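Visitor: Given next are the chains, with one letter for each unit.
Protein chains: 2
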Amino acid sequence: MTGTLYGVGVGPGDPDLMSLKAARIIAGAPVVAYFAKRGQPGNAYRTATGHLSARAEQLRFDYPYTTDLPVGDARYEPALESFYDMAGVRIAERLQAGADVAVLCEGDPFFYGSYMYLHDRLSTAHRCEVVPGITGMSGCWTRAGMPMVRGDDVLSVFTATLSENDLVSGLQVCDAAVIMKVGRNLPKVRAALTRAGCIDRALYVERGTMPDERIERLCERSDAPSPYFALVLVPGEGGRR
Amino acid sequence: MTGTLYGVGVGPGDPDLMSLKAARIIAGAPVVAYFAKRGQPGNAYRTATGHLSARAEQLRFDYPYTTDLPVGDARYEPALESFYDMAGVRIAERLQAGADVAVLCEGDPFFYGSYMYLHDRLSTAHRCEVVPGITGMSGCWTRAGMPMVRGDDVLSVFTATLSENDLVSGLQVCDAAVIMKVGRNLPKVRAALTRAGCIDRALYVERGTMPDERIERLCERSDAPSPYFALVLVPGEGGRR
Chain A
55 MTGTLYGVGV GPGDPDLMSL KAARIIAGAP VVAYFAKRGQ PGNAYRTATG HLSARAEQLR
115 FDYPYTTDLP VGDARYEPAL ESFYDMAGVR IAERLQAGAD VAVLCEGDPF FYGSYMYLHD
175 RLSTAHRCEV VPGITGMSGC WTRAGMPMVR GDDVLSVFTA TLSENDLVSG LQVCDAAVIM
235 KVGRNLPKVR AALTRAGCID RALYVERGTM PDERIERLCE RSDAPSPYFA LVLVPGEGGR
295 R
Chain B
55 MTGTLYGVGV GPGDPDLMSL KAARIIAGAP VVAYFAKRGQ PGNAYRTATG HLSARAEQLR
115 FDYPYTTDLP VGDARYEPAL ESFYDMAGVR IAERLQAGAD VAVLCEGDPF FYGSYMYLHD
175 RLSTAHRCEV VPGITGMSGC WTRAGMPMVR GDDVLSVFTA TLSENDLVSG LQVCDAAVIM
235 KVGRNLPKVR AALTRAGCID RALYVERGTM PDERIERLCE RSDAPSPYFA LVLVPGEGGR
295 R
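Chains A and B are the protein sequences, given in the same order.
When you read off a place in the first sequence, starting at 1, and then add 54, the result is the number in the numbering used here.
When you read off a place in the second sequence, starting at 1, and then add 54, the result is the number in the numbering used here.
Just chain A, with the same shape it has in the complex:
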C-alpha cells in the first residue's frame, strides 16, 4: 500500500480562497511538502498554515540560488534540475512507506507551478491527484475590481522574462493580457506596453489578496524592482451589454 501524491493548489494567497477540497486534503495529510525561497516562510506555506495538522511531517525544500546568480547563468538550470530530483526522491520515500504527501502549490498547480516538475518525476510510478486552485491572476483582477475578459475577447498570458519584442508582438494580437512574474523586468514591460499602445489601461498588482497587496495604475508606478508575485493586467474591452 503506497501513498498518494496530492498536488494541492492553495490559491492566490488569501487562505479563505482555498477550495474546500484543498483545505480537507491539507488537514488530513501525514506529510506536507512545499518549496520556498531561502530565508522566507514560503507563500504556499503561509497560505495553508492554518489548515495543517500539528502532527504532520513537514518537508520544506529551499530553492537553490534565487536572486544570487545572474540571469542566464549556466549553473542555474542544472542546479534546479538536481533540486527537483532530490525533492522527488525524498517525497517518493514517504509514498513508498505508505504515507500520502500533499505538496502545497501557490495558485493552480498546472498553471506555471513548480509542482509540475515533481509531477513529471513521480506520476508514472505513483498515484497522483491534482487539486486545481484559484490562480494568482484571478485573485489580482478581482481585487482590482476589474472585469477582465468578456464576449469574444482573446486573453494572453505572458511572463515578464520574454524579450521586449516578443511581448510587443504578443500584445498586438490579443484583447486582454496578463504579464506575470514581473520582478526586475518592469522597465521592459513598461516599454513593451507603451509600444503596443496599451500602457494607459495597464494596472500593476503586487501580492494580490495577501495582507500587503498593492494595486496601482502602471503609469503611476516607479520602475523599482518588484517582487516575483507582481503582475501587470491589461483588461479587455469586449462588447458591453
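In short, the hints are calculated from the structure, not lab data.
This one's a predicted model, so the numbers in the text were calculated from it and none came from an experiment.
From the three backbone atoms N, C-alpha and C, an ideal C-beta is built for every residue, glycine too.
Misleading hints may appear alongside valid ones.
Looking from chain B toward chain A, a few residues come up when the C-beta cut is under 8 Å (computed) [stated by the list, open to error]:
id, residue
1, W195
2, T196
3, A250
Here are some, though not all, of the chain B residues that point toward chain A, as calculated from beta-carbon distances under 8 Å [as the list claims (entries may be wrong)]:
id, residue
4, G65
5, M72
6, L74
7, K75
8, A77
9, Y119
10, P186
11, I188
12, S192
13, V211
14, L216
15, N219
16, G224
17, C228
Calculated cross-link-like contacts (lysine to aspartate or glutamate; reagent style EDC-like; alpha-carbon spacing at most 16 Å) [to be verified]:
id, chain 1, residue 1, chain 2, residue 2
18, A, K235, B, D206
19, B, K235, B, E218
20, B, K242, B, D220
21, B, K235, A, D206
22, A, K242, A, D206
23, A, K242, A, D220
Fit chain B to the given chain A structure using the hints.
Guide: Below, chain B alone, put in the same frame as chain A:
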C-alpha cells in the same frame, strides 16, 4: 443600510472546488440569484445547491433565446441587454431593502462571466464584492492530468466563436491554448488547429469536474454538436527540468 452585492465564483462544477469564502457567503446570503438556461437547473446553481440556506430567497433568471435564434440574429443583443437590465433592477430592489444578494457564477466572475453585466449596472450605486473562483479551464486541464504552461510558455484563451482565420493566426503565436465555449463550432476549431499544426496535441474536455465529464483526444472525437461547457486544450511544451 443597503445590502451588499456578492459576485461569487463557484468554480468549475465540482462543489468541493468552491472556495471556503464562497461557501460561507452562499450559506449566509438571504437572497441568492443566478442565471440559467430555460428548462435546465443551471450549472452554477447545481454546483452551489448543497450550500444554500433553506431560508434564502432564490432569484432565478432564465436567459432569453439560447439556441432558438439563429447566430447573429439582430434580436439577440437587445434582448440580452434588456434581460440584464431587468435582472439588475430586481436585484437592486433587494439591495435597497437592506438584503445582501449573492449572485452564483460559474468559474471566475471576471473571466467571461455573465456576472460582469450585473456588475456594470450595479457597482456604481451599490457595495459590491467579488469572490474569485477556480476557472472551468483549470478544472479541465487538471482532470485531463495535463500540465498546461511552464517556464516562458505563452497561453492564449480564445472563444470558439472567432473566425477560423482569427483562430489560426492566434494559435500560431502562442505556446499553449484554450478554446472555450465550443458548442457547435467543433468543425471550425478542428480546422483551425489542423492549419496551425497543433491538432495532435489537442484535447477535448466536456463538463470537466462534473459527474458527466468527458475527456478525449480531439482527433478521436466526432464533430457532433458539443455543449457550451466544452473546451479544447493545447498544452505548452515549455522547458522541462
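Visitor: For every hint, state whether the structure bears it out.
Guide: Going down the list of hints, with the structure as the test:
For W195 of chain B, the interface hint holds, since its Cβ comes within 8 Å of a Cβ in chain A; the closest pair sits about 5 Å apart. A distance limit of 8 Å between C-beta atoms decides the matter here; for T196 of chain B the minimum to chain A is near 4 Å, and the interface restraint holds. At its closest, the beta carbon of A250 of chain B sits 13 Å from a beta carbon of chain A; the interface hint therefore is violated under the 8 Å criterion. Because the smallest distance between the Cβ of G65 of chain B and any Cβ of chain A comes to about 7 Å, under 8 Å, the interface hint for this residue holds.
Taken as an interface hint, M72 of chain B checks out: its beta carbon lies about 6 Å from the nearest beta carbon of chain A, inside 8 Å. Using the Cβ-Cβ criterion of 8 Å, the hint placing L74 of chain B at the interface with chain A is satisfied: the shortest such distance is roughly 5 Å. At its closest, the beta carbon of K75 of chain B sits 4 Å from a beta carbon of chain A; the interface hint therefore holds under the 8 Å criterion. The closest approach between the C-beta of A77 of chain B and any C-beta of chain A is roughly 6 Å, which is under the 8 Å cut-off, so the hint is satisfied.
Hint status for Y119 of chain B: violated, given a least beta-carbon distance of 14 Å to chain A, over 8 Å. Interface restraint check for P186 of chain B: the shortest CB-CB distance to chain A comes to about 4 Å, inside 8 Å, so the restraint holds. With a cut of 8 Å, the hint placing I188 of chain B at the interface with chain A holds, because the nearest CB-to-CB distance is about 5 Å. This hint holds: S192 of chain B has a C-beta 4 Å from the nearest C-beta of chain A, less than the 8 Å allowed.
Interface hint status for V211 of chain B: upheld, as the beta-carbon distance to the closest one in chain A is roughly 4 Å, under 8 Å. The interface hint given for L216 of chain B holds, since its Cβ lies 6 Å from the closest Cβ of chain A, which is under the 8 Å cut-off. Evaluation of the N219 of chain B hint against chain A yields a violated restraint, the C-beta minimum of about 12 Å exceeding 8 Å. At its closest, the beta carbon of G224 of chain B sits 6 Å from a beta carbon of chain A; the interface hint therefore holds under the 8 Å criterion.
Hint on C228 of chain B holds. Least Cβ distance to chain A is approximately 7 Å, under the 8 Å limit. Restraint check for K235 of chain A and D206 of chain B: the C-alpha separation of about 10 Å stays at or below 16 Å, so the hint holds. As the CA atoms of K235 of chain B and E218 of chain B are separated by approximately 15 Å, the hinted pair is consistent with the 16 Å bound. Of the supplied pair hints, the one linking K242 of chain B and D220 of chain B holds, its CA atoms being roughly 11 Å apart against a limit of 16 Å.
For the hint pairing K235 of chain B with D206 of chain A, the CA-to-CA distance comes to about 10 Å; that is within 16 Å, so the pair holds. Of the pairs offered as hints, the one joining K242 of chain A and D206 of chain A is violated, with about 29 Å between alpha carbons and a cut-off of 16 Å exceeded. Proximity of K242 of chain A to D220 of chain A is assessed by CA-CA distance (about 11 Å); at most 16 Å being required, the pair is judged to hold.
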